[in-house]
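Peer 1: Spelled out from the first residue to the last, the chains are:
Number of protein chains: 2
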Amino acid sequence: MNHESLNRRDALRLLAFATAAGAIPQSLRAAETNDSAKIQKPLHIHPQQQLRMGSEQIAILVYPEFTALDALGPHYFLAGMMGATVRFVAKTLDPVPCEGASRGGFCVKPHLTFADCPEQLDLLLVPGGLTGTFAAIEDKATINFLKSRAAKTKLVGSVCTGSLVLGAAGLLKGRKATSHWQTLEVLKDVGAIPVAERIVFDGTDRVTAAGVSAGLDLGLELVRRYRGDFYAKGIQLLGEYDPQPPFPTGGNPKTADKLVVDMLNGMHAPIVEKFRTTILRLANKHH
Amino acid sequence: MNHESLNRRDALRLLAFATAAGAIPQSLRAAETNDSAKIQKPLHIHPQQQLRMGSEQIAILVYPEFTALDALGPHYFLAGMMGATVRFVAKTLDPVPCEGASRGGFCVKPHLTFADCPEQLDLLLVPGGLTGTFAAIEDKATINFLKSRAAKTKLVGSVCTGSLVLGAAGLLKGRKATSHWQTLEVLKDVGAIPVAERIVFDGTDRVTAAGVSAGLDLGLELVRRYRGDFYAKGIQLLGEYDPQPPFPTGGNPKTADKLVVDMLNGMHAPIVEKFRTTILRLANKHH
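So the sequences go chain by chain: A and B.
Numbered according to the working numbering, the first sequence spans residues 43 to 329.
Numbered according to the working numbering, the second sequence spans residues 43 to 329.
Pulled out of the complex, with its shape left as it was, chain A reads as follows (with noise of 0.2 Å):
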């Protein structure tokens, strides 16, 4: 293989990359891929740094109510990569409202019902949230999809509370996971063992990630795990993901402001405690 055949091939791939990131706007493609010379400096990418490309099956459990940022976070990243169709599948094809947003403000236009959801996915990934997610623990057609494309799906994962609607649906019984930090004890009531990290894997087929913006980091450690480091690299760089939070120690229930924590979960409790009644209740009536 002469050099200048592989720096074509490398600029295409680069191309690639960024139109798949929707980073090449749509008026460009077209000249840049007939010209690739338009690229001024041919990049030399060592072979274990060139893309590796895929055609992942992703899709996100949308309802209404759900936490916009829970599903929008690991989205940005995992759209990103070249090849992978990721879909917003819903029980209808209606627009689904976020959380506080039946007035205005971010809806998802879900691209595939339940019943049109392929059986077979790489990823389902289920966001949380607080009302939204009480009914759709309590929705059988939601539960009975997720049970249904669970035992085909290559990793059923969550954000936030999502791990509880997972878990009613029976698929994290004696599996480590997380949730949101105020409701990873109500993961032993659906038979899980919670463990209090960012990222939680339990073999191959399940992760559930913490709190709200835990989905950043869940999407770009898969896109990591799909399409390794130096593609996670490029996504992490182009949503400059360096993240600088005012307080440093102020996201993590641990290393929190005792005071902050002590609101927060006195606040939440009675939240808390509908989780768990909720659970229960469903539980108990399948036995």
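Source of the hints: derived by calculation from the structure; they are not laboratory data.
Quick caveat, the model's predicted, so the values are computed rather than measured.
Each hint should be verified, as a subset may be incorrect.
Stated by the list, open to error - SDA-like, lysine to any residue: derived pairs with alpha carbons at most 25 Å apart: (1) B:Lys151 / A:Arg145; (2) B:Lys151 / A:Leu135; (3) B:Lys300 / A:Arg266; (4) A:Lys151 / B:Cys149; (5) A:Lys300 / B:Gln286; (6) A:Lys133 / B:Asp136; (7) A:Lys300 / B:Gln92; (8) A:Lys151 / B:Arg129; (9) B:Lys296 / A:Gly270; (10) A:Lys133 / B:Cys149; (11) A:Lys218 / B:Gln286; (12) A:Lys300 / B:Arg94.
For chain A, the structure is supplied; the task is to place chain B on it using the hints.
Peer 2: Below, chain B without anything else, positioned relative to chain A:
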């Protein structure tokens, strides 16, 4: 003031905080607000740690194909501020598709049209994007809206390439500003002074954040400035914002793998060039 009344007031404030953050389901709100005794342990909060209330008027501009995470990152944190009004504003009330969502995915239902948007805002925030951002820069109605509101808005801000929209509206002349790292130098073409930092305040009336995920840090920093440390810490812990990117130094071009920086620079040279030529062409048209 006796001790009991302080506790009761604090309990109600906490509930208000939780309600605003979307943390208390509608079904629980009425009961809880009428019976603060349900909070099992009354919290003894030191005066300087009480939750500071406010009534900020916040608008987030949206336009077709903006990057969802640019807007949703700050939105998650800002919407957690009890008493604040956080609304999406667009040219019309039609749903606005986020980048890549033309066939399915995230969209925004605007609350307000340009015409209906209040004259006096505390914060007006502009997200970035690629194709959609070129179009926004060229759109007279969008630029005129920004010009008209900027004079009376206390703080005008942006995330990612949203800074170039502000710049095209003449709002960053002589101002220190940041942008997505790859478009930082383009800020000079709108008369701004590029600063390679994650969040850049210029005076009290301008703030710009770096690429995509920098919007999360901006959102939380704004909560801190509007409501104080204790409030911001509460929302940070609620969103479990304890970021752990797989490559700790990978999100910043100064510290990232140089091959990755070069790859993205190679890929995006045409985009950066298009931003520059679009802005210069429009600037010349006005002279």
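Peer 1: Indicate, hint by hint, whether the structure satisfies it.
Peer 2: Structure-based check of all given hints:
no.	hint	verdict
1	B:Lys151 / A:Arg145	holds (8 Å)
2	B:Lys151 / A:Leu135	holds (16 Å)
3	B:Lys300 / A:Arg266	holds (18 Å)
4	A:Lys151 / B:Cys149	holds (7 Å)
5	A:Lys300 / B:Gln286	holds (21 Å)
6	A:Lys133 / B:Asp136	holds (23 Å)
7	A:Lys300 / B:Gln92	holds (14 Å)
8	A:Lys151 / B:Arg129	holds (20 Å)
9	B:Lys296 / A:Gly270	holds (22 Å)
10	A:Lys133 / B:Cys149	holds (18 Å)
11	A:Lys218 / B:Gln286	holds (20 Å)
12	A:Lys300 / B:Arg94	holds (19 Å)
Comparing the model with each earlier hint shows no violations; every hint is respected.
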